[in-house]
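Kindly generate the complete structure, drawing on both the sequences and the hints.
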Amino acid sequence: MYRKQVRRRRAVLALLIVGSFALLTVTYGAGSNGIQRSVSTIFSPVQSVADGALKPARDLVNWFDQTLDARGRNSKLQSELQDARKQSVGASAALAENAQLRKLLKLDRSGAIPSGYDPVTGSVIARSPTVWFADVTIDVGSDDGVRVEDPVVNGDGLVGTVTALTGGSAQVTLIADHSSAVSAKVVPAAGQGGAPVAVQGVIRPNVGDPGDLLLDFIDSTKHIRKGQSVVTAGWRSREFESRFPPNIPIGEVTKASLVEQEAQQQVHVRPFADLRDLDIVQVLTGGSRG
Amino acid sequence: MILTPKILARLVAIVILGVLLQLSCFAQVAIFHVSPDLLPVLVISLGLLGGTMTGVVTGFAVGILLDCLLIEPLGGASLVLLATGYLAGLFRERFEIHSPLVPPLLCMGLTIFAELGFGAIELMLGVDATVSTLVIGDILIKGVFAFVLGWPIYLGLRRVLRPALVEEQAVRRPGRPTALGA
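As you go down the protein sequences, you meet chains A and B in turn.
Here the working numbering is used: position 268 in the first sequence is 268, and no number is missing along the way.
Here the working numbering is used: position 168 in the second sequence is 168, and no number is missing along the way.
Think of the hints as simulated: they come from the structure by calculation, not from any bench.
Watch out, some of these pointers could steer you wrong.
If the Cβ cut is set under 8 Å, some of the chain B residues that face chain A in the computed set are [to be verified]:
| id | residue |
| --- | --- |
| 1 | T4 |
| 2 | D37 |
| 3 | M53 |
| 4 | I139 |
For each residue, glycine too, the CB sits at the ideal point set by N, CA and C.
Following this line, the structure appears as C-alpha cells:
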C-alpha cells in the first residue's frame, strides 16, 4: 500500500516536471496564448479591484520604506521628506498620482513624443515578484489600441516596451530586463566644443540593478561626460524602423570613466524613470510603424 | 492530508487569493528596495502541512496561475515552485517539526532556493546581459522577508486546513481519568 502511494507520488512529480518543461518549450517566445488570454480576461477585473482596494496598504508600506530610504540622503532630500511627512498617506497617494499625470501631460506637450503617436494611459496592476524578471502588467490592452512592441513611457522618460497582450491588459518589459536593448544617443553637452555630434550606442540592462543601465557599443573616440542626457536614437532605414521614436528621454550618464569608454566602449546611465516604483504609464500607440 | 471537496475548494481559494495578493499588493511594495515574495512561503507552508503531493501540486498550480497573469512563458515558475513544494513536503515526511522556528527557517532557506531557481530558469532561457551583484543581496533580503512571513502564514494555513491534517486528527485530548483509574 505504502509502495503504491510512493509510486503514485513519483508519477505525479514526474508528470508535472515533464509538463512544466513541455509548457516552457511550447510557450517560450510565443507571446500570449489562449490559456493566458482566458485567465487574464477572467482575473483582470478582479486584479483591478484588488489593486485599488490594496493601494492604501501598499502606500503605507512604501511610505515607511521611502522614509527609511530618505534618511540616508542629503539635506536637499531631507527637506522634501519633511514636506512629505506632513501629508497623510491617502493624500500623498492622490498627490503622487496627480503629479505623474501632470508629468505625462508635460512630456506629451514638450514634443518628446513625436506626432502620429496616440498615448494611451494605464496603471500598473501587477509586477513580477522575482528579482530576475523586470516586467509589469498594465490595465490597458489590445481593446484600447495597444499593440505588441509599442513603446511605454512615464512622466520621466522611457520605461519599456509592450511584449505581450490580452484584451484588457498588457505585459510591459522594462528597459532593465535582460532581454531589453534600446538604440540610444547621448545628447551633446552645452559648451563641449566642436561639432555637436550625438554619440550613439545601445542601452543594455545591468540585471538586478534597475537604477544602473549600460550604454554599450559607443564610439570610444568621442568622450562622453558625466551628467549628459541619453535619449532614444529612433533610427530608420528603407525597410526597417526602430520600435522607439527618437528623442524620448532615457536617463543621465552617471559614470563615464575614460578607461571604461576606451576598453569596454560603455558608460553607466541612471534611468530618469524610477523603474522600481511605476504607477501610471503611457503606451505610445500608432506611430508610423507598419 | 485528507482531501475532501471542501478542503479542495479551500486549497483552490488559497492559491488564487495568494497569487492575487502577491501581484496586487506584495509585489508592489518595496522594503529596502525589495518586494516580499509570498508565493514560495505559501507553497512551502502547504508542503509542510500536506506533504510532497500537496506541495508539488500547489506549487505547480501557483506557478501556472502566476505565469498566466504575468503573461510569461508557461512552466518556468511552476517548475521552480513545484520543486520548492516537493522539498518542503519531503522535510515534513522525513522529519518532525519540533520547534516553532522550523517553518520560518525552512521558508527562508527554500525561498532563497526558489529565487536561485528562477535565476537558473532565466539562465537556461538565455540571459545575455550582465548580472549585478545586487541580485545576491536582494535574494537574501527576500529570504529574511520569508522568515518573517513564514510563521504567520504557516499557522494561518494550519488553521484553515485543520480538518484535513492527519496529525491534527490523530492527536486527541486524553479523556478525564475516572475514579477507578480506567
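Cross-check of the supplied hints:
1. Checking T4(B) against chain A by beta carbon gives a least distance of about 18 Å; that is not within 8 Å, so the hint is violated.
2. About 5 Å separates the beta-carbon of D37(B) from the nearest beta-carbon of chain A, less than 8 Å, and the hint is met.
3. Because the smallest distance between the Cβ of M53(B) and any Cβ of chain A comes to about 5 Å, under 8 Å, the interface hint for this residue holds.
4. A cut of 8 Å between beta carbons decides the hint on I139(B): the least distance to chain A is about 6 Å, and the hint holds.
Against the hints set out earlier in the document, a violation occurs for number 1 only.
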